[in-house]
Each structure stands twice: as structure tokens, then as C-alpha cells.
Amino acid sequence: MSDKLKEIINKQKKKDSLSISHLDEVVQLVGFIIGEEEYAVPILTIQEIIKPISWTRVPQTPAYILGVFNLRGSVIPLIDLRVKFGLKAKKHNEETRFFVLKQGNEVAGFVIDRLTMALRLKKGDIGAAPDSVAGDDSKIDGVGKQDGRILTILKVKKLLERDF
Amino acid sequence: MDEFQEILQDFLVESFELIEQLDQDLVELESRPEDLELLNGIFRVAHTVKGASSFLNFDVLTHLTHHMEDVLNKARHGDLIIDANIMDVILESIDLMKELLVTIRDTSADAGVDVVECVLKLDKISGGDGNVEIPISVAPVVVEEISAQEELDYDNMSDEDVEAEIERLLAERQTQDKAKRAAKIAAGESVPEAPPEPSEADEKPKEVAPKAPTPVPTASLRAKAEDAKAAAPTSRTPAAVEQTIRVDVKRLDHLMNLIGELVLAKNRLIKINDDVEERYEGEEFLEELNQVVSIVSLVTTDLQIAVMKTRMLPIGKVFNKFPRMIRDLTRELNKKMELELAGEDTELDKSIVEEIGDPLVHIIRNSCDHGIEMPAVRLAAGKSETGTITLKAYNEGNAIVIQIDDDGKGLDAEMLKAKSIEKGIITEKEADLMSDKEAFALIFAPGFSTAAAVTSVSGRGVGMDVVKTNIEKLNGIIDIESALGKGTSLKLKIPLTLAIIQALLVGVQEEHYAIPLASVLETVRISKDEIFSVENRSVLRLRDEVLSLVHIGDIFEVERILDSSEHVYVVVLGLGSSKIGLIVDSLVGQEEIVIKSMGAYLAGIEGIAGATIRGDGGVTLIVDVAALMHMAKGVKATALVDEGSSTTKEKTKASDYTVMIVDDSKTDRMIMRKSLEPLGVTLVEASDGQEALAILKQGDHHFDAMLVDIEMPRMDGYSLATEIKKYNRYKNLPLIAVTSRTGKSDRMRGVESGMVEYITKPYSADYLSSVVQRNVNFKSEFLS
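Protein chains in written order, with the working numbering: chain A, 39 to 202; chain B, 3 to 786.
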């Protein structure tokens, strides 16, 4: 094997490891709006995003639980994030979407006001949650910055946790 | 190692099966000590276990079974008559055997169980020097019988012993050849690879008959067949072995889940078929579609039944342990009791069979302890000295009924009431209102016990409570009948399966709920005048019973937006031993539903057992009847007719008035808008009835009047008016018809559907404005 070839292979190896570490530092998120704020969740926690469909109310539950809906044969809870975040409920409109989030065996649908975009954020651009809301109980994983926008990154695990 | 584990598994499964059968046989044996068939069967079990355990090197177990075998062998040859004392020792040894098997199952070793004492007792019996031994009186026919221990002396052995020995050797050889099937072959002598068997089988009955005469001479002819049955309960005759296969329950569960999905898809298909039928009436392809849908639906139902059957087990599996229990109780309580079993072949879903055992134990213990009297008391009462408990299972519709009868002293309603008041379970007032049946049901109340003294058998006041909870968990119903001095009869009615159920769909306002049909006793339609209020609770007199009522809307927090009619439907629910009437707005129908969980997030919502998916793709919640009954206690009766809460706010400016314009023509809407704009009122437009209804339902605006065109697509003005009037909130909303229809009948229809004014096109702007002003009570100061 010629030295040149070795050199090329080495170079490629370097590149590979570089790109891997580069990938490592980027987080892919999907942004959405609730009220006035923009939030985001990791793209891999999203099972699907659907337009609003009819649901069935479930009694004896807090107001933010709208009920359950049928997602291709599975019965899935539907949670209104507006109400959950202390805002007034709003009529669903053209832009309303159901975010179906999944973590482990837990699946739930979340109503959001509007979808923004899928984005890649460098790890370095994500700051820790403000001290006042940090901690294990917090639903906030961190705060992302991109092009002057500020995104609140949510902990999907916390969202899917029953808290009533 | 893996192979050893596999053999071990087979050995354990088979041994437990054999022992289950053994318990029953032994109790029977006590009453018929000379029954050779039974003895042979029992002997064979001990023998099989011994053979297999020695192969697997379980020395303690082998040691124990060997001695059991000795005793049984003696009895079999007539050297020993099994009496109660000997039986106690044998039963003790069987208990030890079970204990050992459990230990083996858990630890793969048979250490840790002390068998020495029992072995000594057994030895004493078979050795003949113990005082428990009683020499046999009907033994003259025993020919050249050599002591059972000399099994290896082939020349001097009786035919039976030869057979046993051949069998044992055969078993050993087979285990070495085909280790996996070792245990099976030793027991199931009908396995084809055992060539010497058939000839043995043929010879044996003839040989046996003269040797040990049994009370029923013909019995010996059947001996062989019976033996086989006892040893391998699954095969009826040695010749025709039933082909069976062991399947992991998980696979069956998965199969059942898939069928569930199929049932839902079928429901959906039927619904779509109905819709299509409506839309394309008379089209040719409809017939074909109809055929396909009915075939699919038929096959799905058959498939469902077939899969359900694979999960079914005979209830005899549970019943089998009771003869032994009764026997033990007889000795413990010094009573004379007999257990009669019937319908052991009745089949039930595996999961239910597992759940039903405990409740039955409690019920039977209770019958023995509280129901059946002491022999002396029975004689004094003119009854036979021996009390009889009958355990019976049979099918009734889509359910299985397990009936437990005793001929004991029966339940005393007054005594039960007094006891309950004393214990604070009920108040005196409640007691006065109680029927006898309700009083009987008190025995299921937590903390209740009628036994004066707590015995080891019952009286701790937990047992019957457990019965109720377990039966309710299975959606079952308990029915008690009792006659003082004659006995008590308890009926448990349990649905056949848990996964796919028949449900009654009911409507309340705009919501639907599914109630398991097993819990529905009947439905009645009553007028509101028939509902009485007693102590803040609604009650209904239904025939000669007083039924407490609860509105489903109160339990599930349903908002009353629709006006309720003069009549309501009452669904009478029965569960366990209690009854309640559930008021609903409408009955939708019966449907086959599949229970789906709502996931961990919504698990355990009170009153909801799960959800199901309906034919239209929507989700319907399934009512948890047990929880509902519990919740009903806390719900106060609410007035059935909610007077529409008129939240009309004070109008402070002209734009506080809101009027809806409903017309399909844009021009017409424009004309109306132009006429009303000068007033300054807020105007909302809708282009047809459905849209208007949707806007109303959203509740974004509070409307003071509506202008409605009659002729509109999708939903015309009349239907719109009728729909609107169904809502409590809009009962007093003025509806003004604006139409070019001028016929008298049109006007009449308008009035019938609830229109207050009728304006015919064309009209002047001023006229329309004045009509609207009049109807919304427009304050003159806003007029500019």
C-alpha cells in the first residue's frame, strides 16, 4: 500500500470522526407556538403531527386533559398545552395541530397553537434553564437561541408524566 | 443443562396435573376403600412421580414417593384397608409431595423439606407393626401374594406387579432414550412406543377379577380404561389419544388482541356499509357489498369464538380441590358433610378460572362453618345427619353460573340486620327499608361476620368481602337465596370472557358511554313524575322494589346543554349483590366492544374501565359499574330540569346586541346587514343551518336573535329551529324567519318549529329593523 493511499485513508478517517463529533453537537428540534412563546421538543420524541380530529371527553380529569382520541386504533390521551401552561383555552383553528409525543411506552397527544419549523441547534447554543425554573420537577430542559429567537426546550418525559 | 431444564419443566407440569387429580381420588377412596380402579390410579401417580424423580436425582422426593407407593401397593393388593387414620397419613404425604414439587420448581432442588416423620408413619403402615394397620378381612382370594417390597423377584410376582415393573422399566428406558418425554410416557401408557402395553391391557382385567373382588363386579372390566384416565386425565381411552399441543398463554393473548382489532374493523365496516346503503340506495353493487360485509362479519364472529375456545378451561380444574377441602373441614369442625359436584366440564376463560378459585374457597368454607349445623342439631331438626353442599356450574346465555347450595340453617335476615347495626355497617333506618335479599347481601359487607367465635376456618370478617370484590372484578353478579332452616343458595354469574364484551351504549346529552351488558339487568322508560326524592336521593319504585337512582350526567360531570324530555330511561345495573338505577337520556343500542386501555397517563380514572373504538372511528368510554355504584353514594340528586341559566349581561351599548343572519344567498345576507347596520348591533353571518348550529355550539357569542332563511342547503330553517330549541340555553332565543315562502302551511310549520316572527321577502329595511328591535328588547337610548 502506497504512502499516498494511507494518507488518504487517514484523512478520511479524520474527517469521519470530525463529522461524528460535529453531529454530536447538534440537536434537532421541532418548534411550535403556544400563546406568545415558542417552544421546542427533540424531533425523535415526536411520533407524528396531525391535524385536529374529534376526541372524547374523559370525566374526573383536570381541565387541561381534553380527553382521548383514536389514532389508528390506539386510544391516546389529548392534553391542551395552553391550559396546562396556564393560558385560556382557545378554539382550534386552521393552524392548530396535535403533537403526538412518545417516550418509552408513554404516548400522548398535545394540542399546540401553531407549528413553526424543524431546526438544528448547536449544543453550545442551548443554555441551561433559568435557575428559578430549573431542577428535576421543571418541565424545561433548556433555552435555545437562534437568529435572535429564543426557544424553550421542553422535557418530553415530564410532559408525559401524569401529575394529577 | 438446557435439556435438563426442559425435562424438569415437563416433569413439574405433569406432576402438578397428576396431583390435582389425586386429591379428589383419595377423598373418594376413603368412602370406597375397596375400589380397585381408584387405588390403581393413585398408585400409578405415586409411581410415576417416583420414577421420574429418581431419574432426575431428587432423592428426597424419591424416598417419600417410594414409601407412599409401598402403602398404596399393599392397599391395592388387599393387605390393607384404607381408613381415615391411614388416609390422614397419605394425605399428609401428598401435601409433602406438593411442597417438594414447589420447592423443586422454585429452586430446582428438593432440599429443605423434612419428610422423615411422614416416611416413618408410612413405613409403619406398610411394615405392619404399627397399630394403625388393620389386617384385611376379605383377603382369602389373595393368591401367592408376596410382600410388595420384593418387586424385583419376577418369578413370584403377581401379574399386576409384573405389569407395574414392566411399566417402570419401560419408563426408565424411555426416559433414557428420549429424555424429554420421560414423565409423559410413564404416565400415559397409551403412547404408541410402548409395545408391551396392549397385551397387558387385554390380560389384566381377567386376571384381576378373581383376585380382588370389588363391590361392583363389572367395575373391574373397566379397570384398565379407568386407570389410563386417572393417570393421564387428558386421554379418554388408551386407543384414541387426543392430539394436544402446549401453547404459551402469551401467544393466545396476542391472538385475542388481534381478534379484538378485527372485531373493531368489522364494526366499522358494518357502519360504512350502512352509510353507503343509505347514499346509493338501489345500486347494484350494494348487494355484493352486503354479501361481503356479512361474510366478513360472520367469519369474524366465528373466529372470535374459536379463539375464545382455545383459552377455555374446564371449571373442574378449580372444583377438584374442594373434595379434599371439605374432607379436611369435616374433621376439623366435627361436622358431617358431603360435597356434590356437577358440571365440571363447563368451560371458562383461563383468566377467569384463575380468579374464581379464591372466592369459591371462601364461599364453601363459609357454608361449612356457618351454614351446615352440627350433626346433633341436624338430627334434632329432622334433617339427615350429613350436610350436603352442592357445587354446580352451567352455562346461561353469554355467562356461566356457578351455584353453591347447602342444606344448612339458612340466613336469618333479622339477625343479619341486627348484627350490621351493631357493627355500624348500616343505620337502623336503612335496616327498616331493607328487603330480605338486601339483608342477605350484608354478609358481603367488609367487617361483617356472623360467627359468634372466630375459628380458623372463618369468622375473621374478610372472606366474603373478598368474594364480592373478586366477582365484581370479573363483572359478575352474585345472587343469594336463603330459607331459614332449609339452606342457602348462592349464584355467581360471570361473563364468559373479559376481552371482548357485549355492551349497552347509552347517550347522555351529546356523549355516549358503553355499559357492560353483563351488568345490565333491564332497562325501563319512565316519566319524570315517577321519580321520588327520599333524603336527598332519587328513588324509583320498580314493581315491588325501591331502586335508588343516579343520573349518569352527575357522575360524569356532563354539562346539561340539551333540554331533557319528559321521559327518561333507567338502566338497572346489578353487580355483585347490589343494584342501582342509572338515568340516561337515550339508549343507543347493543354493540360488541373491545376493551382498550387508555394508557398509564389516564389509568385508574374513577368510574371508567377503559375505552373502545366505535364503528365511526370515535372513542367511547366504558363504564366501570363497580366504581360507578360506589360513586353514586356520594352524588346528591340534582334537579332533572335545569332552568337555563340566563347569563344575559346588562347591555351598555348598541354593539352588545348580537344577531345572527342565516341565509345561503350572499345578496340576501348583504341586504339584511345593510338594514341592521344603522342600529349598531353586532352581526354574525352563517351560510346554512349547519354552520349556524356550529357557531351556536362554539358559544363565542351570546346571541339575542337570529334571522333565519327557510330554504337552505344541508339544513333548512325548520330543522335548524328544531335543533336550536333542543338546547336549554337557546330556548328563549327569538328566531325570526325571513323567507319568500308565503303559504299558510309554511307559516304554520314555522310556528311549529319555534319561530317567533315571519317576515316575507321582499321587506323594507325599516320593517326588518323594527322587528329585530322589538325581539331583542332594544333600548331606545341607543338609537341615534
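Note that these hints are calculated values from the structure, not bench results. One should not assume that every hint holds.
To be verified - The calculated lysine-lysine pairs, modelled on DSS-like cross-linking and capped at a C-alpha distance of 27 angstroms, are: (1) A/K140 to A/K128; (2) A/K51 to A/K140; (3) B/K431 to A/K126; (4) B/K635 to A/K140; (5) A/K122 to B/K273; (6) A/K129 to B/K728; (7) A/K129 to B/K727; (8) B/K431 to B/K727; (9) A/K129 to B/K668; (10) B/K699 to A/K129; (11) B/K653 to A/K129; (12) B/K273 to A/K126; (13) A/K128 to B/K431; (14) A/K129 to A/K196; (15) A/K89 to A/K42; (16) B/K273 to A/K89; (17) B/K311 to A/K128; (18) B/K439 to A/K129; (19) A/K128 to B/K439; (20) B/K431 to B/K475; (21) A/K89 to B/K699.
Are the Cα positions of A/K129 and B/K727 separated by 27 angstroms at most?
24 angstroms, holds
Below or equal to 27 angstroms on CA atoms is what counts here, so check B/K431 against B/K727.
44 angstroms, violated
Take the C-alpha atoms of A/K89 and A/K42, compute the straight-line distance between them, and say whether it is at most 27 angstroms.
The hint is violated at about 56 angstroms.
Verify the proposed pairing of A/K129 with B/K728, using a straight-line Cα cut of 27 angstroms.
Given that 27 angstroms is the threshold and the Cα spacing comes to 23 angstroms, the pair holds.
Regarding the pair B/K431 and A/K126, is the alpha-carbon distance no greater than 27 angstroms?
Cα-Cα ~49 angstroms, so violated.
B/K273 paired with A/K126 [C-alpha distance capped at 27 angstroms]:
37 angstroms, violated
Compare the distance between the alpha carbons of A/K51 and A/K140 with 27 angstroms, and conclude whether the hinted pair is satisfied.
36 angstroms, violated
For a C-alpha distance cap of 27 angstroms, please report whether A/K129 and A/K196 respect it.
Holds. A/K129 to A/K196 sits at ~26 angstroms (cutoff 27 angstroms).
Check whether the Cα positions of A/K140 and A/K128 lie no farther apart than 27 angstroms.
25 angstroms, holds
For the pair we were handed, B/K431 and B/K475, check the Cα-Cα distance against 27 angstroms.
30 angstroms, violated
Is B/K311 within 27 angstroms of A/K128, Cα to Cα?
50 angstroms, violated
Given the hint that B/K439 pairs with A/K129, does the C-alpha gap stay at or below 27 angstroms?
53 angstroms, violated
Of the hints listed earlier, those the structure fails to meet are numbers 2, 3, 4, 5, 8, 12, 13, 15, 17, 18, 19 and 20, in rising order.
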